[in-house]
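Enquirer: Residues per chain, in single letters:
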Amino acid sequence: MKVMHRLLALIMTVFMLASMTTALAVDDAYPSTYTYNYDYWSDIRESPDAYRVEKVIYSKDLGLDVAMKKPQSLFVRNNDIYVADTGNNRILQIRRNGSSYELFRVIDQIQGTEVTTFNTPTDVFVDVNENIYIADTNNGRVVMVDKDLNFIQQLTKPTDATFDQSLSFLPAKIVVDVSGRVFVLATNVNKGLAKFEADGSFTGFIGANKVSYNFAEYIWKNYFMTKAQREQQASFVPTEYRNIYIDPESFIYATNVSFSEYDLLWDVAQPIRRLNGIGNDILIKNDRYPPIGDLYWLEGSVLKGPSKLVDITVLENDIYVVIDQTRGRIFGYDSQGVMLWAFGTSGSREGAFNSAISIEHMGNDLFVLDQNGGAITAFTPTEYGQMIYDATDSYLKGDYDGSALLWEEVLTHNANYNLAFIGIGRSLMRQEKYEEAMDYFKMANDRENYGRAFRFYRKEMVEANILWIVVVLALVLIVPIALGKVKKMRMEVETHERNKVQH
Amino acid sequence: MSATKSSTKNAARRAKWDKYVASLKYAKYVLFHPFDGFWDLTHEKRGSFAAATTFLLLFLVTRVLQLMYTNFQFINAPLQYINVFEQAASLLLPFLILCLANWSMTTLFDGKGRFSDIYIAMCYALVPYTMIQLPMVFISNFLSFDEYAFYTVLGSFSVVWSVFLVFIGLMQVHDYSPGKTMVFLVVTVVGALIIIFLLLVFFSLLGDAASFFISLYREIAFRLY
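In order, the protein sequence lines correspond to chains A and B. Residues in the first sequence are numbered from 1 upward in steps of one, following the numbering used here. Residues in the second sequence are numbered from 1 upward in steps of one, following the numbering used here.
Read the hints as simulated data drawn from the structure, not as lab findings. Ideal Cβ positions, reconstructed from N, Cα and C, are used throughout, including at glycine. Treat the hints loosely; a few may be bogus.
[Said to hold, decoys possible] For each label pair, taking beta carbons as the anchor points, the in silico distance ranges come out as:
| # | chain 1 | residue 1 | chain 2 | residue 2 | range |
| --- | --- | --- | --- | --- | --- |
| 1 | A | 261 | B | 159 | 28 to 38 Å |
| 2 | A | 486 | B | 45 | 54 to 64 Å |
| 3 | A | 347 | B | 159 | 45 to 55 Å |
| 4 | A | 345 | B | 215 | 35 to 45 Å |
| 5 | B | 149 | A | 399 | 34 to 44 Å |
[To be verified] Calculated lysine-lysine pairs in the BS3-like style (CA-CA distance at most 27 Å, straight line):
| # | chain 1 | residue 1 | chain 2 | residue 2 |
| --- | --- | --- | --- | --- |
| 6 | A | 70 | A | 147 |
| 7 | A | 488 | B | 25 |
| 8 | A | 487 | B | 25 |
Work out the full structure, taking the sequences as your base and the hints as a guide.
Expert: Below, the structure is given as structure tokens:
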């Protein structure tokens, strides 16, 4: 038995050796609760629910005689929710009144132009003056109407040379910035977002995806494939974005779903981007892991592959929320790219999605559109979820101590919440309680802040104990020298004595 | 009679101890005069097996202490998953396998070193690492994140020194030319991989055989009762 044990131990050691990596116990990708988060070691930590379902809005609740059919997009302006009911060629405007949702109007016709109906409208945008922009995909136009549905102008296929004239113009997603510029994400166009000025003139593309291919692939393709094989393969072209959102500061958030999954963790794929005016990605990623949705996924099951982030919405204070179509999960990130929470699941029960397609927010409430069921799920933050927002808000406003109090409160709900430890640590540091701050930063594995607190702490310690430090240093330096001197003198005396005896 | 016997015994023990201490102290000479030092270490028997093992153990202890007590800022170890014995074993085994691989290869190509010579020389070569890294564990607790450069420079210096000693050590032990030593460093790694492969095959076959007999026994036991 003992021999067997030893043998087993030896086998284990050899296996360990063979793998030559530190074996880490890693949970699989399936949390048992609805809401979770990832800790520093990227293990899943179950967490209290940050959101609860307020209501699920079905077609019949709205009194629609024709149910929603493959709706593709949501948009929220003030108290109105606009739904692009793509399959029925119409836009629905739903008005929220407290917790009741009523159909305000059905937009399926406009006035003042030749083509007054829509053909598969896939997106809708409403500006502050309640002018409505509709991506009327199969009519090949983006149409702009005022709030009484009178035609203002339409954007059609640019005649510019930069736009490939052999392609038809199929606008899929649209956003409009504060000055009326329209950014169009068009199907089959991989040069980025088409930009139209407020007067409707096309002024080029911005934010094209960079072409990515790896070196081995390149060599293989160029030197080892036959011409016929090469032609069959897709060429190296940039991919298209999946969805776009514009925040109040006119930065465009874009999501991307086509990439090789191994690029994800090294942050080459960048499924979420924040584009500035010239189309560069300026998303802040200060966490250990880039914002990519789930960090793990299993292969071989029905729900396979990485998170497919089909839509994004940005709350006030730059918290952005993305939705994963594959597993029906919603991920919230703060402005630093730190995951706040993740929740949701796929299925047919309340709070689960069959095929989520779009997400929007009204204040801190979230709306998720399910294209298969044709239903909108309204989520409202729980006490815990609201506390996270409040703490973030008061920190951004500069009320550090107030935010620390709120973070303490968060910790009583969820003791695994890293952001809370960091928030409290920061406040303690401002109160010059460096040692305690260090404890908190250490718990959150925040080395940078720990280092900052540590420097102050060290300075304090040195100043308080300068006397002792000098004494110890002096002893360390002087005693050996003194001892050496004594030894030398004794030696001299001894040799002298010995010499005397010999004489 | 018995008094003299015990006194000779004592004297022998004393001599042994002195030899041990002397061989420990000899490490200092090896560090700063590696060519001379390694030659005498094995050819003149200035080093001892006991001292070498002491250095190896100290090295393992250093590695473990490093994981446990280095300042939190400089190390990113998932302490909740770490088993110190596992960590120590994962260093000791490759070390021994590399020594074994080196011996098995060089012995075929007129290397002068015996296995114990190689072992002793390699253990002495680890001394700079231990000597620098062990105090660094302590010192790191007084450094902040900004002084990371200081920490890494000293750390890499210790590694470079040790690697240099490994090279000189092998050269002197086997009485090889530098070029040949270089070649045999590579050959040693290949040899170690072969040894690991054979061990894996051996143990997996052993496991298969064992499970065969176990299932055979179960089958018979099942039929009989």
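Enquirer: Quick check: does the Cβ-Cβ distance between residue 261/A and residue 159/B fall within 28 to 38 Å?
Expert: holds, 35 Å
Enquirer: Hey, residue 70/A versus residue 147/A, does the alpha-carbon distance stay inside 27 Å?
Expert: holds, 25 Å
Enquirer: Do the beta carbons of residue 486/A and residue 45/B sit within 54 to 64 Å of each other?
Expert: Because 36 Å falls outside the window, the suggested range is violated.
Enquirer: Do the beta carbons of residue 149/B and residue 399/A sit within 34 to 44 Å of each other?
Expert: This hint holds: roughly 37 Å between Cβ atoms.
Enquirer: Could you see if the CB distance from residue 345/A to residue 215/B stays within 35 to 45 Å?
Expert: Given about 42 Å between the Cβ atoms, the range holds.
Enquirer: Please work out if residue 488/A and residue 25/B have their alpha carbons no farther apart than 27 Å.
Expert: The given pair, whose Cα atoms are some 22 Å apart, holds under the 27 Å limit.
Enquirer: Between residue 347/A and residue 159/B, does the C-beta distance stay in 45 to 55 Å?
Expert: holds, 54 Å
Enquirer: For the pair supplied as a hint, residue 487/A and residue 25/B, is the alpha-carbon distance within the 27 Å limit?
Expert: Holds, because 21 Å separates the two Cα atoms, which is no more than 27 Å.
Checked against the numbered hints given earlier, this structure breaks only hint 2.
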